[in-house]
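A.B. asks: The lines below spell out each chain.
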Amino acid sequence: MKKFLVLILMVTLIIGVLAGCGSNSNDQASEGGTTVINALFMKQAGYSEEDVTTITNEFMEKNPNIEIKTTFVPYESLEQKILTGAPTGGYDVVAIDAPWTAKFAKAGIVKEVTDKLSKSDREDIFDGALDSVSFEDKLYGLPWLNDTKFLFYNKEILKKAGFDHPPATWNELAEQAKAMKEQGLVEYPIVWSWKQSEALVCDFTSLSSTFGGGMIKDGKPSLTDEGNKEAMNFMLQTLEDGITNPNSTEFLEEDVRGVFSSGKAAFALNWTYMYTLANDPAESEVAGQVGIVPSPGHGDVVSASVNGGMGLSLTSGTKNPDEAWKYLEYLSSKEVQKKYAKSALPIWKSLYKDEEVITTNPDVVEASKVQYDYLTNRPQVPWYGSFSNELQVGIQQVLMGKKSTEDVLNELQKKAEELANK
Amino acid sequence: MKRKLSDAKFAWLIISPAIIVVFGIVLFPLIETFLYSLKDMDLSMGNPGNYVGLSNYVSTLTDRDFWAAAGRTAYFAGVSIGIELILGLFIALLLNENFRGKVFLQSIIILPWAIPTIVNGAMWKWIYHSEYGALNALLTQLHIIDQYRSWLNSPWLAMNMVIMADVWKMTPLVVIFLLASLQMVNKSVYEAADVDGAGMIKRLFILTLPYLKPTILVIIVIRTMETFKVFDIIYAITQGGPANGTMVLTYQAYIKAFSGLQYSQGATISYLIAMIIALLTFTYVRTMKKGEMI
Chain E
27 MKKFLVLILM VTLIIGVLAG CGSNSNDQAS EGGTTVINAL FMKQAGYSEE
77 DVTTITNEFM EKNPNIEIKT TFVPYESLEQ KILTGAPTGG YDVVAIDAPW
127 TAKFAKAGIV KEVTDKLSKS DREDIFDGAL DSVSFEDKLY GLPWLNDTKF
177 LFYNKEILKK AGFDHPPATW NELAEQAKAM KEQGLVEYPI VWSWKQSEAL
227 VCDFTSLSST FGGGMIKDGK PSLTDEGNKE AMNFMLQTLE DGITNPNSTE
277 FLEEDVRGVF SSGKAAFALN WTYMYTLAND PAESEVAGQV GIVPSPGHGD
327 VVSASVNGGM GLSLTSGTKN PDEAWKYLEY LSSKEVQKKY AKSALPIWKS
377 LYKDEEVITT NPDVVEASKV QYDYLTNRPQ VPWYGSFSNE LQVGIQQVLM
427 GKKSTEDVLN ELQKKAEELA NK
Chain Z
-8 MKRKLSDAKF AWLIISPAII VVFGIVLFPL IETFLYSLKD MDLSMGNPGN
42 YVGLSNYVST LTDRDFWAAA GRTAYFAGVS IGIELILGLF IALLLNENFR
92 GKVFLQSIII LPWAIPTIVN GAMWKWIYHS EYGALNALLT QLHIIDQYRS
142 WLNSPWLAMN MVIMADVWKM TPLVVIFLLA SLQMVNKSVY EAADVDGAGM
192 IKRLFILTLP YLKPTILVII VIRTMETFKV FDIIYAITQG GPANGTMVLT
242 YQAYIKAFSG LQYSQGATIS YLIAMIIALL TFTYVRTMKK GEMI
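Chains as they are written, first to last, in this note's numbering: chain E, 27 to 448; chain Z, -8 to 285.
Bear in mind the hints are in silico, worked out from the structure with no lab data behind them. Glycine residues also receive a C-beta, built at the ideal position from the N, C-alpha and C atoms. There's no promise every hint is true.
Here are the in silico distance ranges between beta carbons for each label pair [as the list claims (entries may be wrong)]:
no., chain 1, residue 1, chain 2, residue 2, range
1, Z, Gly69, E, Thr97, 32 to 42 Å
2, Z, Gly69, E, His191, 53 to 63 Å
3, Z, Phe95, E, Glu280, 30 to 40 Å
4, Z, Leu(-4), E, Thr97, 53 to 63 Å
5, E, Glu201, Z, Trp147, 30 to 40 Å
6, E, Gln263, Z, Phe95, 55 to 65 Å
7, E, Asp163, Z, Asn41, 38 to 48 Å
8, E, Lys204, Z, Leu195, 53 to 63 Å
9, Z, Val12, E, Met86, 43 to 53 Å
10, E, Lys360, Z, Val17, 45 to 55 Å
Under the rule of at most 25 Å between Cα atoms (straight-line distance), these lysine-lysine pairs were calculated in the DSS-like manner [said to hold, decoys possible]:
no., chain 1, residue 1, chain 2, residue 2
11, E, Lys375, E, Lys145
12, E, Lys137, E, Lys69
13, E, Lys375, E, Lys181
14, E, Lys107, E, Lys290
15, Z, Lys280, Z, Lys204
16, E, Lys345, E, Lys365
17, Z, Lys204, E, Lys441
18, E, Lys360, E, Lys69
19, E, Lys88, E, Lys290
20, Z, Lys30, E, Lys290
21, E, Lys88, E, Lys441
22, E, Lys69, Z, Lys116
23, E, Lys107, E, Lys243
24, E, Lys181, E, Lys368
25, E, Lys107, Z, Lys30
26, E, Lys107, Z, Lys220
27, E, Lys290, E, Lys142
28, E, Lys441, E, Lys246
29, E, Lys107, E, Lys95
30, Z, Lys30, E, Lys448
31, E, Lys107, Z, Lys116
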């Protein structure tokens, strides 16, 4: 009798567990005719979590038969979340960062959507934004977020140091910084995000491109290029001259914002989002003194800044690609991007002529107009992930004086060739 | 009621859910990962993988980066366990004495251990912050350093700072273990030693330490397993940097698998970590048994 009771309890438990598992898959299929779309976003810069939630709610009101479930994760865990959740259809829509497109496409994690974007639309979208979701001339997502790094400067410190304009070249920047340091205005005039992370590669990409270098040329690794060497030496030199904050090698973008916003730096290279926050008195001690200009140039190069665009992709595992695409189109639509221009500048060229968009953030629009013509991509190769890690370590070894620029670049070239020829 | 099931069948039926769960979340991933480590799976090349035998193990074991990471992991394990044992022993001896406020101290000593590792990591990241960290504030206010400095931008220093954070969190575990053993000590042995004229230090080495030896070995085994698998504290504080200074084995496996999409290499490193741990544990247990026989 006892045994029988235990048995019954056991069976109930198992059925309960199974029923619990089952209900999830049920509401995916159909729940009174509504389709459920799971979307994965990043909890950071650009459109904020509230923005995306509001836009999503608007979309659901307009499309009562589609239900969107959103998840927000920090950038650092976004990639892993996509890798584990996307292929099985755990997510239908995922936000992806530019350097992931190639490997995700190759690994078959995201769907190709070349045919879904019309030619006229494509012509109206900035190339940089399109590049961030392209691999081998095919599209693997819809451009969504237009972003790049700008040079931010502290107007007051610049004026006190006796300069009437922000630097247009890196050498000019170094000179102005030295003058500021000598006058005792600021101990370390420049702050960067040089932690062993993707942020470091972003800054290096901008610099190497400005100095005429490049990591991949005609599909082949070209690390030993003179420009790359100059860029690395420039980074090292600013550290040795004491004009770069030595703690930069442990900073991410948010630390850069913190240092700059507390008035401890005169120059900073950072993403667009910093402009609004550094000018917000609640967040910053230097509100109202923050200027934004395109990333400095060098020689013939007017400017070059890393393309930090993000796209929205359909996962290969999605069961409702049409509904999911409709949602993507809404998120990236001119109407929505215009309305939220204050959070992130639109991907649409035509919107930059729109008075409403310009007045939301005139300085940023002004800087962007120039900067978007001078964007540079991180290597768009499927082996970028491994390479980026090697590059981060290599640059840090140089910055910490553990190895010479030449040795590091030669080693990196070898590693890149190995990766490319695999 | 009629008996329908034999005892054996009934037993199987009852444990079947447990078997399914264990197989599903322990054995299946374990086997799957092992199979990955035998393939040349590289998703970044769109290659789902063919079996290549043990070549991943050969290439990993001949890789300089792997041994560098293994060395760092061993350093992390050795230093962190060493400091934890010494600190833990003194705190346990202190708490074993009778004094006012002992119960209060005993309860707050457990607090660091109760904090999840990732939270602990995030906390120490802020404590070490070069611009507004609490450590800098403390040391400048005590006039030990004259201005804020960086704690995480040189590879060796960063590793030691991470170890500090780990020690802060894990020393309580050692304290609890040792304290439990100490409280079972027969006090009259100490009294006898006292009468015979053995001083405090002598009693520590002649009585306490030999008595605690089995417990210490257990702690070493547990902590070795944990420290060789260290991941979250690194992830939260340094992410392997600066210049790979804190790149330990598990973090290397993580980077290989999730950033480089080299699933096979990641799996290989994971298995090698498991083997290293197994080997160390085996050695410890043998030493312990030998010790008992003497």
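A.B. asks: Quickly compare the C-alpha distance for Lys107 of chain E and Lys95 of chain E to 25 Å and report which way the hint goes.
C.D. replies: Within the cut-off at roughly 15 Å; holds.
A.B. asks: Hint check: Lys204 of chain Z vs Lys441 of chain E, CA-CA at most 25 Å. Holds or violated?
C.D. replies: violated (48 Å)
A.B. asks: For Lys30 of chain Z and Lys448 of chain E, compute the direct alpha-carbon distance and say whether it is at most 25 Å.
C.D. replies: holds (15 Å)
A.B. asks: Does 53 to 63 Å hold as the CB distance between Gly69 of chain Z and His191 of chain E, or does it fail?
C.D. replies: holds (56 Å)
A.B. asks: Could you say whether the range 53 to 63 Å given as a hint is met by the Cβ separation of Leu(-4) of chain Z and Thr97 of chain E?
C.D. replies: With a Cβ separation near 46 Å, Leu(-4) of chain Z and Thr97 of chain E fall outside 53 to 63 Å, so the hint is violated.
A.B. asks: Taking 25 Å as the top limit, are the C-alpha atoms of Lys345 of chain E and Lys365 of chain E close enough?
C.D. replies: Distance ~31 Å between Lys345 of chain E and Lys365 of chain E Cα, so the pair is violated.
A.B. asks: So if I understand the rule, the pair passes when the alpha-carbon distance is 25 Å or less; does Lys137 of chain E with Lys69 of chain E pass?
C.D. replies: OK: Lys137 of chain E and Lys69 of chain E at ~23 Å, within 25 Å.
A.B. asks: Decide if the proposed pair is consistent with the structure: Lys30 of chain Z and Lys290 of chain E, CA atoms, cutoff 25 Å inclusive.
C.D. replies: With a Cα-Cα distance of about 52 Å, the restraint between Lys30 of chain Z and Lys290 of chain E is violated, given a limit of 25 Å.
A.B. asks: For the hint 45 to 55 Å, verify it against the beta carbon of Lys360 of chain E and that of Val17 of chain Z.
C.D. replies: holds (52 Å)
A.B. asks: Could you see if the CB distance from Lys204 of chain E to Leu195 of chain Z stays within 53 to 63 Å?
C.D. replies: holds (60 Å)
A.B. asks: Do the beta carbons of Val12 of chain Z and Met86 of chain E sit within 43 to 53 Å of each other?
C.D. replies: violated (37 Å)
A.B. asks: Taking the beta carbons of Gly69 of chain Z and Thr97 of chain E, is their distance inside 32 to 42 Å?
C.D. replies: holds (40 Å)
Comparing the model with each earlier hint shows violations of hints 4, 7, 9, 13, 14, 16, 17, 19, 20, 21, 23, 27; every other hint is respected.
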